[in-house]
Structures are given as C-alpha cells and as structure tokens.
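Here are the chains, one letter per residue:
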Amino acid sequence: MKQPTGQISRLGTLKYLAQRFAFLSLIGLTFALMLIGKADTVLVERARTAVNDAVTPILRVMAAPAATISQFISNLEELGAIRQENAKLREANERLLQWQAVAQKLENENRQLRGLLATVPEPQAQSVSARVVADSGGAFAQSLLVTAGGRDGVAKGQAVMTAEGLVGRVTQAGYRSARVLLITDINSRIPVRVGEAGDRAILTGDNSGRPRLVYLGVTSAVAPGDRVVTSGDAGAFPPGLPVGRVVVAEEGNTVVDPYFTRDRLHYVEILDFGLSGILTELDKAAK
Amino acid sequence: MPEPTTFEKLDARARMVLPFGLTLMLVLFGMTPTHIPGLAQITPMYALIAVYFWSIYRPDLLGYGLGFFIGILEDLLTGAPLGVGALTILLTQWVLFNQQKFFNAKPFAITWFTFVLVALGGAMLKWVFIGVIDDGGFTPFGHLFASYLITVAVYPIIAWLFAKAQTGLLADT
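Protein sequences appear in the order of chains A and B.
With the working numbering applied, the first sequence covers 138 to 424.
With the working numbering applied, the second sequence covers -6 to 166.
These aren't lab readings, by the way, just hints derived from the structure by calculation.
There may be inaccurate statements among the hints.
Okay, derived cross-link-like pairs now, EDC-like style, lysine to aspartate or glutamate, Cα gap no bigger than 20 Å in a straight line [claimed, not checked]:
id	chain 1	residue 1	chain 2	residue 2
1	A	K293	A	D409
2	A	K242	A	E231
3	B	K157	B	D53
4	A	K175	B	D128
5	A	K293	A	E406
6	A	K225	A	E215
7	A	K152	B	D53
8	A	K293	A	D190
9	A	K175	B	D127
Construct all of the structure, not just a fragment, from the sequences and the given hints.
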C-alpha cells in the first residue's frame, strides 16, 4: 500500500496491466470451465467428489453446534406440549395396533399367495445411515452432503429416505461423503405413481420447496390429498417408496408437497436395492 | 528497526490471509444446516457479501486470483454449475476495483446502499447463467428475490464482524 514516491507511476501502470491481464485470463478460464462442466461431466464430478471428501470433516464439526441448538429448542418445545402429545400418541398407538393386526393378516395372506404362485422374492434393501453435514442452500441448487460414501457402500443412483419419505438420490459418491440431490432440485426427475388409480407421472423439481407432476395422463383424475409414491419405472428406485401428497391439482399444474421436512434433516437413510438404475444414464444423456 | 523474528513473520503472514480465511469460513458457514424452517432455500449469498467487503476495504489482500478460487470452491461445494460463482465474483471485483475512489471514506449507509445494487447485479447474473447452463431451468423468481433480500439484510452483520477483524488485526498492515 505505502509505496515511496518516485517510480510509483511506472510501477502503478505495470501493476494495472498485470491485474487486467489476470482478470481477463480468469474470466476466460471461467467460461472454459462452464463448457467443460457441460461437456465432460466425469472430470468435473471427480473434482467435486474430491473437494467434498476434503471438506466434509470440517463441515461435520461446523454442523454440530447448529444441530445441538436445534435439538435443544425442539426439546423445549416438546416439553411444553408433553401432555397433549402423550394423549395424541396413546390414541395413535391404539389405531396403529389395529393396523398392525391388519398388516400381519395381510402379510400372512400375501406370503401364502406368493407361495402358491411361486413368485421370485423382491430384492431386500441394504441401508446405510448418514449424517447431513451440509445443505447447499441458496436459491440455485438443492442438495445435501452426507457423511457416508463409497467406503460404506454408497453409490450413485441410490435412493435417500427418512422415516417420512423420499428425500432424493445420490448423485455423487466420494470416499467418505456423498451428494444427495433433493427431489425439489430443478434437475431432479423421479418417475412416480399418483393416487389409488396409480397414474404414472414424472415428479419434477423447480428449486422451490414443492415439486410438480409432469407427463400426467389427460384421463387421470388427480385430486388434492392423493398420495405420490415412486413407480419403480426406469429401474431407478423400487416401487412404492412414499414421496409426498398432492396439494394443488389444476389443469397443467399439479403440485406435490414432499413428506420429508428439510429443516429437520439430521440423519438420512441411503438404500441400496441392487438396482443399477438408468437415471444416472439419463443424466449423462441430458448433459 | 530490528529484523523481525520468525514468529513475527508468521504472524504477519497469517494476518495477510485473514480476508481470504474469513471468506472461506463464511462460505462453509453458509452450507451448514441451520435447521431453521424455510431458510435453506433462501440462504444468503455469503461469498458475495465477503468479496464485496474486502474488495472495498482491502483489495490488496483479496485479488482476482483468490476471488476466482473462492468462486470455484463455492460452485464445487454447492453443486451449482461450475464457473458461474467464479464469474459472479470476478465481475463484482472488477466493478469495485474500478470504483475505489468512490468508496474512499464513505459512510456505512452508502456502502450498504451500493451493496443493494451490486448484489442485485450478482444475483441476476447467476440466475441467468445457471438457467442457461441448466437448459432453461430457471429458479422461480420469488425464491431468487427472497434470497437477494436476505443477503442485503444480513450484510450489516457480516460487515460489522469483518470490520472488527480488520481494525483488530489488520490495522497496522
């Protein structure tokens, strides 16, 4: 900053030129990177996973205080409403016990019928629990970083769930971290079935909290309140994973409210059904 | 003046990378889940705030090179298209570096108001470029605008913290 007077003007000019050159070459470099990112996703993906793997331990430490505070606050809130909560839970418990009886009966029946038909059993899911250490945040991308990666058997294309419902799918798997593209992201496409009729559609994110249904058949009668589950088409996810509920069903505009709550994502479950999935292939084709 | 000791040299070095270090911290902070309902989709554009502040007060310590690095890192970490964050930061720096005389000894209100304009430019630039790269997948305008407003609202807090760090640790450099 503090230069002695004298050669200052020449030095200044030189510095100015050097800066200008640096600026222009870096601008050129950003455009080159944009093109590379669009053309060769493998290289960029490798860079992303390397950076994610390196930063995840730091994020893990940084995420801890916020998680503790949020848990503390929710504990306090729960304490306030503990009586009503208890009554509600007791009631729910009774109802669920009835359902359990129904489910057991159906399961038995199902097993017997399967035995009669000699059906091949569906693949069982292996699951890995992972902590959410980063939420990409911002208006432009909706994804998470979680603390499980290739070393835990996490691979690209696997479904990510909470107890509530589908959260998204793994788009990059590093060694100790993985990126989860939320179903609300603008690049997310999930084949689903809607309502009791099971109409097929594609759930498309738009970076808002509520994804939309597209390619819904003209004859389909979708109404608000209808359940949306994965269809299992395209071999990406197994069929029947809960996704969300239809909240708006207008002509050409069907909006779904996902079951998962983004601000309560502390842990997620990554499911491996042994399905290779063509969604990842679709990604490549799209890019 | 006596020759500085190794520790003094290290100390001076550490102070020089303070703006860069604080900016990196802020970018990572922006990624940690806050668990506050509704905030995740409109997280402030922290990198832009940090780059704006240092471009005005210590342009010598956070030049184009480091700005580029921060932008690329942000793109890689958030999963945004590569290069867009870096382009936004570089252009912001370019505008501010060319207007240094304007910011000389200006009160806070003026720098904040200028940030309102610069951040709008940055947000729009990002919106257009990401939309084009994602083949027309433009984020809903309402979300972009909410994110922009919260960025502007958060600016005074960050600027205050950075100013504390600056007067405390960088005053004599």
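Consistency of the hints with the structure:
About 10 Å separates the Cα atoms of K293/A and D409/A, which keeps this hinted pair within 20 Å; it holds. With a C-alpha separation of about 17 Å, the suggested pairing of K242/A with E231/A holds against the 20 Å cut-off. Between K157/B and D53/B the alpha-carbon distance is near 18 Å, which keeps this suggested pair within the 20 Å criterion. Taken as a hint, the K175/A and D128/B pair is honoured in the structure, with Cα atoms around 10 Å apart against an allowance of 20 Å.
The hinted pair formed by K293/A and E406/A meets the criterion: a straight-line CA distance of about 14 Å does not exceed 20 Å. Proposed proximity of K225/A and E215/A is supported: the alpha carbons are some 13 Å apart, at most 20 Å. Annotation: proposed proximity of K152/A to D53/B holds, straight-line Cα distance about 11 Å (limit 20 Å). Using a Cα cut-off of 20 Å, the hinted pair K293/A and D190/A holds, with the two alpha carbons roughly 15 Å apart.
A C-alpha spacing of about 9 Å is found between K175/A and D127/B, which places the hinted pair at or below 20 Å, so the restraint holds.
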